[in-house]
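K.L.:
Here are the chains, one letter per residue:
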Amino acid sequence: MSGTRDIVITQTILDAKNINAWFGSVHAIRDISLPVEKNTVTAMIGPSGCGKSTFLRCLNRLHEEVAGARVEGQVLLSGEDIYGPGTDPVAIRRKIGMVFQKPNPFPSMSIFNNVAVGLRLAGMGNKALLAETVEKSLKQAALWNEVKDKLKAPGTSLSGGQQQRLCVARALAVNPPVLLMDEPTSALDPISTAKIEELLIELKKEVTVVIVTHNMQQAARISDRTAFFLLGELIEYDDTSRLFTNPRDKRTEDYITGRFG
Amino acid sequence: MERAIDLEIQKLKERILLMGGYVEKAIEEATQALIDREPERFEKVHEYETIINRSHIEVDEACLRLLARQSPLAADLRLIVAVIKINTDLERMGDQAVNISHNGKRYLERPPLKPLIDLPRMSQEVRVMVRAALDAFVKRDSVMAADVLQRDDSVDALKHHIFQELIAYMGKDPTTIEQALNLILIARNLERLGDHATNIAEDVIFAVTGKDVRHGAHNPSRRVAKPSGKAKT
Numbered sequence: 001m002s003g004t005r006d007i008v009i010t011q012t013i014l015d016a017k018n019i020n021a022w023f024g025s026v027h028a029i030r031d032i033s034l035p036v037e038k039n040t041v042t043a044m045i046g047p048s049g050c051g052k053s054t055f056l057r058c059l060n061r062l063h064e065e066v067a068g069a070r071v072e073g074q075v076l077l078s079g080e081d082i083y084g085p086g087t088d089p090v091a092i093r094r095k096i097g098m099v100f101q102k103p104n105p106f107p108s109m110s111i112f113n114n115v116a117v118g119l120r121l122a123g124m125g126n127k128a129l130l131a132e133t134v135e136k137s138l139k140q141a142a143l144w145n146e147v148k149d150k151l152k153a154p155g156t157s158l159s160g161g162q163q164q165r166l167c168v169a170r171a172l173a174v175n176p177p178v179l180l181m182d183e184p185t186s187a188l189d190p191i192s193t194a195k196i197e198e199l200l201i202e203l204k205k206e207v208t209v210v211i212v213t214h215n216m217q218q219a220a221r222i223s224d225r226t227a228f229f230l231l232g233e234l235i236e237y238d239d240t241s242r243l244f245t246n247p248r249d250k251r252t253e254d255y256i257t258g259r260f261g
Numbered sequence: 001m002e003r004a005i006d007l008e009i010q011k012l013k014e015r016i017l018l019m020g021g022y023v024e025k026a027i028e029e030a031t032q033a034l035i036d037r038e039p040e041r042f043e044k045v046h047e048y049e050t051i052i053n054r055s056h057i058e059v060d061e062a063c064l065r066l067l068a069r070q071s072p073l074a075a076d077l078r079l080i081v082a083v084i085k086i087n088t089d090l091e092r093m094g095d096q097a098v099n100i101s102h103n104g105k106r107y108l109e110r111p112p113l114k115p116l117i118d119l120p121r122m123s124q125e126v127r128v129m130v131r132a133a134l135d136a137f138v139k140r141d142s143v144m145a146a147d148v149l150q151r152d153d154s155v156d157a158l159k160h161h162i163f164q165e166l167i168a169y170m171g172k173d174p175t176t177i178e179q180a181l182n183l184i185l186i187a188r189n190l191e192r193l194g195d196h197a198t199n200i201a202e203d204v205i206f207a208v209t210g211k212d213v214r215h216g217a218h219n220p221s222r223r224v225a226k227p228s229g230k231a232k233t
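So the sequence lines, in the order shown, correspond to chains A and B.
Under our numbering, residues 1 to 261 are what the first sequence spells out, in order.
Under our numbering, residues 1 to 233 are what the second sequence spells out, in order.
Derived from the structure by calculation, the hints contain no laboratory data.
Honestly, I wouldn't trust all of these hints.
Here are the simulated distance ranges between beta carbons [as the list claims (entries may be wrong)]: (1) A/His214 <-> B/Val143: 33 to 39 Å; (2) A/Lys152 <-> B/Leu7: 54 to 60 Å; (3) B/Arg69 <-> A/Ala187: 42 to 48 Å; (4) A/Asn215 <-> B/Glu2: 21 to 27 Å; (5) B/Arg214 <-> A/Thr156: 39 to 45 Å; (6) B/Asp6 <-> A/Gly123: 36 to 42 Å; (7) B/Glu58 <-> A/Ile9: 44 to 50 Å; (8) A/Pro190 <-> B/Asp147: 31 to 37 Å; (9) B/Gly216 <-> A/Val8: 43 to 49 Å; (10) B/Glu14 <-> A/His214: 31 to 37 Å; (11) A/Ala187 <-> B/Asp6: 28 to 34 Å; (12) B/Glu61 <-> A/Gly84: 57 to 63 Å.
Part of the chain A face toward chain B, derived, beta carbon under 8 Å [stated by the list, open to error]: (13) Val26; (14) Ala67; (15) Ala69; (16) Trp144; (17) Ser157; (18) Ser159; (19) Met216; (20) Asn246; (21) Glu253; (22) Arg259.
C-beta atoms are modelled at their ideal positions from N, C-alpha and C, and glycine is treated no differently.
If we strip away everything but chain A, and leave its shape as in the complex, we get (with noise of 0.2 Å):
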């Protein structure tokens, strides 16, 4: 594998390995293996349809609900494969939580209820904890203060920005370990976008955070490991500091500077 190189990785919670994955027959993740140190936020690079939302898709088996989906290779949050026998991927969801890059409240329900339903689908049926972890998730979301007012209101008549950390707080109500994000600025203005940057910087001493975005600069800017991917493949996976100033394959070098893409 390409990629993993000299960057030294000292607890891994999160570690894909060999993955290959198909639309069909359209082999889009080419035997990618990358390991996710705890504790950090990962940026996922590229060009469009380079894979890196496929393969983010792969980590939590999202990637399988498309029709004519599938994938090889394994996925071991903490040792345990999520691709093993009899594992359930609602499960593995509940603990490798998802935000996605456009904001989807759920539109019937309150900015509590938006929060407090993962919960009582995970069986939390006492009010005073369900409220204590909805409160708790709203603050984690940085969301706490704008809307503790009007917690019944409406999730969906929040501004964008409010929507996403909505979404966001929503995931980390189940307190997952693991936090997808599949370009979640992309939909929102910079002062929203810093809120969120601000909020991942913030969230990851307790989750660890993957995030696909098409903002090398807000991966420059969040991450501490970067993974630029290109057709299918994973080109080179290192330290951002290091990626962004003295990336080592060309290709790289080619894409962050504007050469393609």
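Chain B: place on chain A using the hints.
P.N.:
Structure of chain B alone, referenced to chain A:
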């Protein structure tokens, strides 16, 4: 593919080359005025320095604009960081040329102490270093830049020789002290110029390869032994 930043970088390189050209001229004029004993020519050095100073500010502004507007990365980023540093070295080289002219003026107020042999050699060597460092910069040639680092040793050796010779003069005849000191200061100015050229070569190596070779990094045998350290003034 031609990128917007390519044109800007090309302009920056041209400015740096032009500035380097004036630095070379300033060093040459300062030393030649001393050798030919024509103090009025020191004025020219001041004119060159004024041009260099103006360029210093313009290059910094251009770099700041590029950083703000293009958010350069990888080789582009290293190049702009190197230009910012090379710019500073070139400006200080202009100052050193002026220092030579000040010390030279004082020296020319009295009869010559001795024929000048090693000082012109030093000056020649330093100019070759500046030119080679900037050629290496434009050609993105780290091997050529590494050669400049080696050349600095001969400049240091010449300075050492000049110091020894002048100390002997002063020891034998105290009335030569003032003139000998003027020449020592000029040798010191030239040595500093060599250090600045070395800095530029190191920045070129960084821009091209991403390797930081300063302070003996990547080649401990070379730079550690040098007692005078890096050029600062």
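K.L.:
Hint by hint, note whether the structure agrees.
P.N.:
Checked hints:
1. Distance hint check: the CB atoms of A/His214 and B/Val143 are about 38 Å apart, consistent with the given range 33 to 39 Å.
2. In this structure the hint that A/Lys152 and B/Leu7 lie 54 to 60 Å apart at CB holds, the actual value being about 57 Å.
3. Checking the proposed 42 to 48 Å range against B/Arg69 and A/Ala187 shows it is violated: the Cβ atoms sit about 24 Å from each other.
4. A hinted range of 21 to 27 Å holds for the C-beta pair A/Asn215 and B/Glu2, which are about 23 Å apart.
5. Checking the proposed 39 to 45 Å range against B/Arg214 and A/Thr156 shows it is violated: the Cβ atoms sit about 56 Å from each other.
6. Against the hinted window of 36 to 42 Å, the Cβ-Cβ separation of B/Asp6 and A/Gly123 comes to about 60 Å, which falls outside the hint.
7. The supplied range of 44 to 50 Å is met by B/Glu58 and A/Ile9, whose beta-carbon atoms lie about 46 Å from each other.
8. About 47 Å separates the C-beta atoms of A/Pro190 and B/Asp147, a value inconsistent with the hinted range of 31 to 37 Å.
9. Distance hint check: the CB atoms of B/Gly216 and A/Val8 are about 25 Å apart, inconsistent with the given range 43 to 49 Å.
10. At about 34 Å, the beta-carbon gap between B/Glu14 and A/His214 stays in the expected band of 31 to 37 Å.
11. Taken as a hint, the range 28 to 34 Å holds for the pair A/Ala187 and B/Asp6, whose Cβ atoms sit roughly 32 Å apart.
12. As the Cβ distance of B/Glu61 to A/Gly84 is approximately 60 Å, the hint placing it in 57 to 63 Å holds.
13. With its C-beta approaching chain B no nearer than about 27 Å, A/Val26 sits outside the 8 Å limit, and its interface hint is violated.
14. The beta carbon of A/Ala67 is not positioned within 8 Å of any beta carbon in chain B (closest approach about 38 Å), and the interface hint is therefore violated.
15. Annotation: A/Ala69 was flagged as interfacial toward chain B, and the flag is violated, the nearest CB pair being 33 Å apart, outside 8 Å.
16. The interface hint given for A/Trp144 is broken, as the beta carbon of that residue sits about 33 Å from the closest beta carbon of chain B, more than 8 Å.
17. With 8 Å as the threshold, the beta carbon of A/Ser157 stays out of range of chain B, its nearest partner Cβ sitting at about 35 Å, so the hint is violated.
18. The interface hint given for A/Ser159 is broken, as the beta carbon of that residue sits about 27 Å from the closest beta carbon of chain B, more than 8 Å.
19. The criterion of a C-beta within 8 Å of any C-beta in chain B is met by A/Met216, whose closest approach is roughly 7 Å, and the hint holds.
20. Given the 8 Å rule on beta carbons, the hint for A/Asn246 holds: about 3 Å separates it from the nearest Cβ of chain B.
21. Because the closest C-beta pair between A/Glu253 and chain B is about 5 Å apart, less than 8 Å, the hint holds.
22. Because the closest C-beta pair between A/Arg259 and chain B is about 6 Å apart, less than 8 Å, the hint holds.
Checked against the numbered hints above, the structure violates hints 3, 5, 6, 8, 9, 13, 14, 15, 16, 17, 18; every other hint is satisfied.
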